[in-house]
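Participant: So you can see what is in the structure, the chains are spelled out below.
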Amino acid sequence: MKGLRNLFTALAAVILGLLAGAILMLAIGADPIQGFSYLFRGGLMSAERIGNTLATATTLTLTGLAMAFAFRTGLFSIGASGQMLMGGLTATALALTLNLPKWEMLIIIVTAAMLAGAIWGFIPGILKARFNVHEVVSTIMLNWIAYWTVYYTIPAHFKAKFLETESARIPEYASLKVGWLTNLFHGSYLNLGLFIALACAIIAGIILSRTTLGYELKAVGFNRHAAEFAGINVPKNMALSLAISGALAGLAGATYYVGYATNMQIGVMPSQGMDGIAVALLGANSPIGVVLASIFFGILHSGKGFMNAMTKIPPEIGDTIIAVIIYFAATSVLFTRLYDRLAAKLRRRS
Amino acid sequence: MWDSLVRIFPYAIAFTMPLLATALGALYSERSGVVNIGLEGLMVVGNFTAAVVISRLQPTMGQAAIWVGLAFAMLAGLLFAVLHAIASINLKANQVISGTAINMVAGAITVFLARTFTGSGNIHITLGFVPFDVPLLCKIPVVGPLFFTKTYATTWLLLAILAFSWFLLYKTPFGLRLRSCGEHPQTADAAGINVYRMRYAGVLISGALAGLGGGIMLVTFAGEFNGSVAGLGFLALAALIFGNWKPLGILGATFFFGFASTIANVSQVVPALTKVPGLVLKAFPYVVTLLALVAFSKTNQAPKADGEIYDAGKR
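Just so you know, the sequences run in chain order Y and Z.
Add 40 to a position in the first sequence, counting from 1, and you land on the number used in our numbering.
Add 214 to a position in the second sequence, counting from 1, and you land on the number used in our numbering.
Bear in mind the hints are in silico, worked out from the structure with no lab data behind them.
Each hint should be verified, as a subset may be incorrect.
Simulated pairs of lysine-lysine, DSS-like, Cα-Cα distance not exceeding 25 Å [stated by the list, open to error]:
| # | chain 1 | residue 1 | chain 2 | residue 2 |
| --- | --- | --- | --- | --- |
| 1 | Y | K217 | Y | K201 |
| 2 | Z | K518 | Z | K460 |
| 3 | Z | K489 | Z | K306 |
| 4 | Z | K460 | Z | K385 |
| 5 | Y | K258 | Z | K460 |
| 6 | Z | K306 | Y | K42 |
| 7 | Z | K489 | Y | K199 |
| 8 | Z | K512 | Y | K276 |
| 9 | Y | K258 | Y | K42 |
| 10 | Y | K201 | Y | K142 |
These numbers come from a predicted model, not from an experiment.
Using the sequences provided together with the hints, build the complete structure.
Facilitator: This is how it looks when you write it as structure tokens:
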């Protein structure tokens, strides 16, 4: 019953978001039907484009899971961007220094990126648990510290041959891209990160609904004081939740910087961190919802370039639609009320 | 050293002002009990509106266009904040999520519109405010060169708003009512205060001042709209907390950020600073904020009902 209700609110938010997009297209004198058809064709019309959609969804799934994990514990971390950067920086650094067989390389890189993200998530966790520092502010600060760390570390130690603003190219033996997957999707950005993301979604689902740890985390999220009375160590669980959230975002960094991308640019705060909030919200903080929502956002992201090339509609329409969807997902009480009313009416009739 | 300081100070003050405007606005919102994490987005809206209005009017109106632009920036910020107010006051949405949505909507829609207007997504203004020396006062030794040279008109306007805000929040019935809604809305309601109306006032003032902050950034040091305000809105939020939700605390916190950021930006041209690694200078304000939050965590006094949805049925 609750799942159906979540689905209803999510669909309502998506429809309103698309409607807002259509109104904007009309406002600048473009044809919305044509615009949307190019938008979705751009995300889905060939194997390569589907691959790119899934590759975008890979990173979003991981940041979305990171957000969902913190949300479930009642914490609002917006630090996924910074954790992604630290994970990505660690991955890039290892990819450019180590020289081992591909599989060993990948295991080391992915594990290290995960740890880096976990550490970057543990800091706001411990600050919250020990000193009651609000996680929103501390994660904002840590995002910028990560941003500047990347900004100065890449040019100093890992810079490209000709450009100061990006790292050297990630070698083939250290990239999450593998030949058979790239060929299967006709040269798309799709990489092994996809399987990492799916595995994480499954593991997150198991942890949240089948383990004591997950039960305690959710208990803290539902009612901190009640959890404390029940003998749950609240500070420990908060710190742990943010560390796990950070680990997931760190993995997102690895899949993006040594999987999707071919090198690491400086001076960019990855937008996937904020988009992760949207993904988690739309997916109602459940792993399966997160996967579906990130595929949907993946279509919008990889289709908007094609739409921009074929029409005069600016690509920001994709981001606008996503943003409007979050707004309506946040005000979901509107739709849950509507749903309850409809459900009650149906029940009376039967 | 003194020479460097005199050279840096006017820039530091200019950089402080958008932060001060935005953080002051957030003070109204949070004192009324609504967390406003959408400051970044509201600043972007103000920045964008000011850029559009000023770039259109400047050819005909000249310098006066800047003031008109700032007025429109405030109006746009206020109107955009209505979205946050509806979500977080009427629809009882999670205020942090609603604020995040505001940030994303603002960032996307302004660039979308800018691209349709100019093609590139950036909007230049040909002329911003020209800094001036305050007559007589700039002749005072020590204080004069630091505070009264190369000042912007908006700096004085904002300091006046700061003083007025202090008066309004602490010396008038309106201020007392607003603050009571952020401390214990149920009691405020029982005393006959319309909590919804006070919270609306808080959020809308916050929107207007954040819009002004975005506008000031454009007409003093930025000079163009490019789709972001580089995290200043988030910094303003941190300054509000760092400043312990008090007007003077906010002034101190924003000036600290302004000064630290300016030092990091000009480190190349100041001989005493060229030896310090860039990372240390750039990360300095953020690290200090974290440390300060830890140090003050015991004495920090957030409004008690900050971020809490007002539910009249709850006692």
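Participant: A separate judgement is required for each hint: does it hold in the structure or not?
Facilitator: Against the structure, the hints come out as follows:
Restraint check: the Cα-Cα separation between K217 (chain Y) and K201 (chain Y) comes to about 22 Å, which is no more than 25 Å; the hinted pair holds. The hinted pair formed by K518 (chain Z) and K460 (chain Z) meets the criterion: a straight-line CA distance of about 14 Å does not exceed 25 Å. Proposed proximity of K489 (chain Z) and K306 (chain Z) is contradicted: the alpha carbons are some 52 Å apart, above 25 Å. The straight-line distance between the Cα atoms of K460 (chain Z) and K385 (chain Z) is roughly 14 Å, inside the 25 Å bound, and the hint therefore holds.
Taking the CA atoms of K258 (chain Y) and K460 (chain Z), the gap is about 35 Å. The hint is violated against a cut of 25 Å. For the hint linking K306 (chain Z) to K42 (chain Y), the alpha-carbon distance of about 20 Å falls within 25 Å, and the restraint holds. Only pairs whose Cα atoms come within 25 Å are accepted, and K489 (chain Z) paired with K199 (chain Y) is accepted, the gap being roughly 22 Å. Restraint check for K512 (chain Z) and K276 (chain Y): the C-alpha separation of about 20 Å stays at or below 25 Å, so the hint holds.
Restraint check for K258 (chain Y) and K42 (chain Y): satisfied, since their Cα atoms lie roughly 17 Å apart, inside the 25 Å limit. Our distance criterion of 25 Å between C-alpha atoms is met by K201 (chain Y) and K142 (chain Y), whose separation comes to about 24 Å.
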